[in-house]
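Two independent chains are provided; combine them into the complex using the hints.
Okay, here's what each chain looks like letter by letter:
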Amino acid sequence: MLTMLGIVIGVAAVIVTVAIGTGARISVQKSIASLGSNLIVVQPGSITQGGARSGFGGASTLTPADGLAIAQLPGVAAVSPVVSLRTQVVAGGNNWQTFVSGVAPTYSYIRAWPVASGRFFNQSDVQAIAKVAVLGQTVVTQLFPGQSSPIGASVLIKGTPFTVIGTLSPLGQSAMGQDQDDVILIPYSSAMERLTGLKTVNSLMVSSTQASQIDEVQSAITTLLARRHRIVPPEPNDFQVRNLQAIAQAAGSTAQVMEVLLASVAAVSLIVGGIGVMNIMLVSVTERTREIGLRMAVGAPGRSILQQFLTEAIALSSVGGVIGVVVGALGALLVSVLAHWPTQIPLPWVALAVGFAALVGIFFGYYPARKAAALNPIEALRFE
Amino acid sequence: MEPVVDVRGLRKIYTLGQEEIGALAGVDLRIDVGEFVAVMGPSGSGKSTFMQIVGMLDSPSGGSYHFEGRDVSRLTADERAAIRSSRLGFVFQSYNLLARTTALENVELPLLYATHPVREREQIARAQMQLLGIEHLAKHFSNQMSGGQQQRVAIARALVNGPALILADEPTGALDTKTSNEVMALFGELNRERGITILLVTHEADIAAYAKRIVRFRDGLIISDRINDQQRAA
Ligand SMILES: Nc1ncnc2c1ncn2[C@@H]1O[C@H](COP(=O)(O)OP(=O)(O)OP(=O)(O)O)[C@@H](O)[C@H]1O
Ligand SMILES: [Mg+2]
Chain A
0 MLTMLGIVIG
10 VAAVIVTVAI
20 GTGARISVQK
30 SIASLGSNLI
40 VVQPGSITQG
50 GARSGFGGAS
60 TLTPADGLAI
70 AQLPGVAAVS
80 PVVSLRTQVV
90 AGGNNWQTFV
100 SGVAPTYSYI
110 RAWPVASGRF
120 FNQSDVQAIA
130 KVAVLGQTVV
140 TQLFPGQSSP
150 IGASVLIKGT
160 PFTVIGTLSP
170 LGQSAMGQDQ
180 DDVILIPYSS
190 AMERLTGLKT
200 VNSLMVSSTQ
210 ASQIDEVQSA
220 ITTLLARRHR
230 IVPPEPNDFQ
240 VRNLQAIAQA
250 AGSTAQVMEV
260 LLASVAAVSL
270 IVGGIGVMNI
280 MLVSVTERTR
290 EIGLRMAVGA
300 PGRSILQQFL
310 TEAIALSSVG
320 GVIGVVVGAL
330 GALLVSVLAH
340 WPTQIPLPWV
350 ALAVGFAALV
360 GIFFGYYPAR
370 KAAALNPIEA
380 LRFE
Chain B
0 MEPVVDVRGL
10 RKIYTLGQEE
20 IGALAGVDLR
30 IDVGEFVAVM
40 GPSGSGKSTF
50 MQIVGMLDSP
60 SGGSYHFEGR
70 DVSRLTADER
80 AAIRSSRLGF
90 VFQSYNLLAR
100 TTALENVELP
110 LLYATHPVRE
120 REQIARAQMQ
130 LLGIEHLAKH
140 FSNQMSGGQQ
150 QRVAIARALV
160 NGPALILADE
170 PTGALDTKTS
180 NEVMALFGEL
190 NRERGITILL
200 VTHEADIAAY
210 AKRIVRFRDG
220 LIISDRINDQ
230 QRAA
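Top to bottom, those sequences are chains A and B.
The letter at position 42 of the first sequence is residue 41 when you use numbering that gives the first Met the number 0, and the numbering goes up by one with no holes.
The letter at position 203 of the second sequence is residue 202 when you use numbering that gives the first Met the number 0, and the numbering goes up by one with no holes.
You may find that some hints are simply not true.
As the list claims (entries may be wrong) - Taking lysine to aspartate or glutamate and the DMTMM-like style, the derived pairs with C-alpha atoms no more than 25 angstroms apart in a straight line are:
| hint | chain 1 | residue 1 | chain 2 | residue 2 |
| --- | --- | --- | --- | --- |
| 1 | B | Lys211 | B | Asp175 |
| 2 | B | Lys177 | B | Glu192 |
| 3 | A | Lys198 | A | Asp237 |
| 4 | B | Lys211 | B | Asp228 |
| 5 | B | Lys138 | A | Glu286 |
| 6 | B | Lys177 | B | Asp228 |
| 7 | A | Lys130 | A | Glu215 |
| 8 | B | Lys177 | B | Asp218 |
| 9 | A | Lys157 | A | Glu192 |
| 10 | A | Lys370 | B | Glu181 |
| 11 | A | Lys370 | B | Asp57 |
| 12 | A | Lys370 | B | Asp77 |
Hints were generated in silico from the structure; no laboratory data involved.
Computed from a predicted structure; not experimentally measured.
Same shape as in the complex, but just chain B (with noise of 0.2 angstroms):
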């Protein structure tokens, strides 16, 4: 089966006015179906840089990049913006719920742009909370929810389109250490009981440890990539 992620000596170089800097300094890195990859790394080594361009919202300044099999960067913004939509799902550290939104319509916002008939939107929606334990929160606004609460809409959110690939960047950085487990068991068994591929990045150690496998970032290049076998499960 071709691999999700295949990057090869993947480089971004952000110029600010004279001065070049060097984000990611040729990154190899495969990601196969059914994955649980944790990136670690100091800050600065390039690992937000480096989901951006995975998530397809920006583009890397040298190497490859296929996803599924496709060269991305043969891919109008137009066809890169359907793969985000029904391919990829995104959470962030922030949540980014839409202020003065319900959590039932922050789910459905995917589905807007994908090719579903309006009534089966709020259907697939409720599902998918649902499937997350989330349904009572439905009607609530952002301003209503936990911190732990607002993280499982946007997951449920990232999930809502079917996704292949969910890409986390410090999804438990504003989150309490036991809100913050919760999240990582819900990764987990997502990514045990439903396959999903999960792309994670922290800066925690017991975070890192939900993961499969471990990948350590340093002055945008890979130092480190290794199976976790002692992957916690809860």
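With the rest of the complex left out, here is chain A (with noise of 0.2 angstroms):
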């Protein structure tokens, strides 16, 4: 059992790595499908403080005006910012943590998400700073339960009663596993004054007219706020401008060097695996010279003993190999569970896995059998 091992971690490492490849690859198609490939994220860039950056976000210079300048530029369909805090919010009897986030009415189009019943707020809400919300479907569960419907009632966030005018349509979950529904959106005004106290927004979100034009949209609103934020050319610039392609890539990065940690570990365990393979295969020579040489005298082939013992060696790895792919989906199962890292197994690479497990069996299964098949026949038989 214990020379199964190897190969069991092996193959159990190449199916973990390829769920997690495969799901991380499938995820990002998906977020780029629902969120749109012509959507533009500008977020704060890394400041610069007595020799320590702080990593993008870390400095807090993009305003709403930053939003209202980048909606001028041409090729701009839409601009949005958001303010994004975590919170305890409470309706009635009940409580809940969430996210509220401040945005502006525009942001239901650029992500293409409306209302499910009421109304959005509109851009009168936001120069009142109205205490309006619109609650993501998970938030109407969870505070209103059993409630047909929770327009116009009140929802105290912060300590501040904000009045329920609209709920969103159900989004579900995101490409990574997020509750997307777990939202409450406010005006973005009102979320700076009666929330943060902040004058700078978290980031701003962007569409631009058409995907093909993303390039020279994203290159237009980089010159435009370097502009604005007075940056001279040797200065870093305090802002990053992304599209999804390239958050997309942060995450299929990440995929990357799991994959990579895992590709290694699955080498050296068919490795060491495949030794084990040799060593019991070794022993089982030893242990069964007689019968070599019996075999041998009643007629077979030095062709027929290295099949047997060839044969053995890849039953031995195959069965090690089907154990490593049970093993391996119970893996990338527990990624999905307890990281939220959606995985997927796909069924070539199972075959492909246990197939490189036999192979491992007659790679290493070879010497042993090369062994027991030149055995002198007359001294296996005195073999004691």
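Structure (structure tokens):
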């Protein structure tokens, strides 16, 4: 059993690797499909404070005015500032920890996310810094269980009562396994004025009119913001302009790091497993020396002996491979449950992994089998 | 008809490091179809060496060996294996049955390497065991049988491919006198009734007495070769 362990771990690692990689690729494709390929996100860049760079988002430099300026650029369809915070909200006797996002009325259009009931807030709500809120479906079920409609009710966000004016249509889980309906949308002006007290926003969401123009729009935004933020060339930009492709690539590269890591685990385990198989086969050849001698005496050609031991090595490692697939599938399940990382196991890879395990059996079983076939039958028969 | 075994000037020299040991020093022997030959001789006289060469498990250092008219020195390893499988049967002093294997499976073993369809193997093996009156042992494992029973299974295994020659090196060496006589009676019967050619090595005159012809070895040479006119039947 122990000898199979290497093969089991190796194949399991291959399966988990592929499951994570495939899951990541599929989720990236899904997020591109759901968010649209013409989405651009502007985030604060890193700032240098006494030589220490803070990483993206460290600088709080983006303002709603930046958003208004971007909206004037050619090729830009809509812009929405995003102010996000995680907080406890209360309605009636229920309270719930959720995401509150301060956004513009255009957000509904940018995310292609219509209301299910009531209405979305409009420009006058933004100007009036109105205490109005649109609830995601998860928040509705958590705060107003069993109630037909929450519209008109009041929700306390950080002690401030907001009136519910609409509910959002359900989006379900994001590609990364997040519940997208667990959110409350309020006007960004209200979020800044009444909740964060800051003049800056967390990000700006921009939608270009055409996906094909995304690169030009992106560079136009970069030039505009650099000028607005008075960045002098050698100085780094205090913001980051990224499109969804880039974000998807970032997610993909995280997956890739894990893939490389697991692939090396797989390779090492398969080699260790192969050596284990070789070892047990060598022991088996020694233990069965007399049997081999007898088989030769009754007419087994060397090739039959070779075949017999190779078959055993292959069987041994294939069983290890099949167990490895099961363990790997469980591992992938664990990854998606614990780490909320979507996984998917493509069937051809299962066959490939088991096939590879068998190949390890052939490779490492060949030497012991060769040794068995090369035994001298007289000495083998005399062996004690 | 071609003799089964025809050796001329057969020599075998073992080299152990610097030392050279002459095990066979020029043996001439011809065994025809249907013969029953016993080989006798003191320990170290080359009997086993001779049997191994005749059984194509080893090759001679000199001289010639023709088996059923074919020059063995010209055969490939696979051709020799094929002859062992279809034309030769071995019986050993220590039976050499496979452990954790039933008597029936042991008897089937040589069929595995001959061109028999899988379905027929068990049938042929059972028929052979029946002929030797040991079909009741079919499901017994090696460690569940007496020495005599094990040797009978081994003989069934040697016979299962319908060989031209049975080679038995001290087949009764591990058996008591009564069982030895039973096994030898069986060999005599196989030779008489089924015309099977037998070449057998023994130290005991009582055992050699079952053969039709007795050959004596000394120092790697044949020193006497005579017809046994007092052949024992039982
Ligand atoms: N593999 C070997 N390597 C070296 N010398 C060997 C080998 N096998 C046999 N001999 C030597 O060859 C000679 C003949 O041995 P062999 O086994 O043929 O004798 P034997 O007649 O069968 O003896 P016994 O009656 O004791 O079985 C002996 O001197 C033996 O030591
Ligand atoms: Mg001997």
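Each hint tested on the structure:
Only pairs whose Cα atoms come within 25 angstroms are accepted, and Lys211/B paired with Asp175/B is accepted, the gap being roughly 23 angstroms. A distance of roughly 22 angstroms separates the Cα atoms of Lys177/B and Glu192/B; the hinted pair therefore holds under the 25 angstroms criterion. As the CA atoms of Lys198/A and Asp237/A are separated by approximately 16 angstroms, the hinted pair is consistent with the 25 angstroms bound. Restraint check for Lys211/B and Asp228/B: the C-alpha separation of about 7 angstroms stays at or below 25 angstroms, so the hint holds.
Simply put, Lys138/B and Glu286/A have alpha-carbon atoms about 24 angstroms apart, close enough for the 25 angstroms limit, and the pair holds. As the CA atoms of Lys177/B and Asp228/B are separated by approximately 23 angstroms, the hinted pair is consistent with the 25 angstroms bound. At roughly 37 angstroms between alpha-carbon atoms, Lys130/A and Glu215/A are farther apart than 25 angstroms, so this suggested pair is violated. For the suggested pair Lys177/B and Asp218/B, the alpha carbons sit about 31 angstroms apart, so the restraint of at most 25 angstroms is broken.
Proposed proximity of Lys157/A and Glu192/A is supported: the alpha carbons are some 12 angstroms apart, at most 25 angstroms. Distance hint between Lys370/A and Glu181/B is unfulfilled; the C-alpha atoms sit about 40 angstroms from each other, more than 25 angstroms. Distance restraint check for Lys370/A and Asp57/B: the Cα-Cα separation of roughly 18 angstroms lies within the 25 angstroms cut-off, and the hinted pair is therefore satisfied. For the hint pairing Lys370/A with Asp77/B, the CA-to-CA distance comes to about 17 angstroms; that is within 25 angstroms, so the pair holds.
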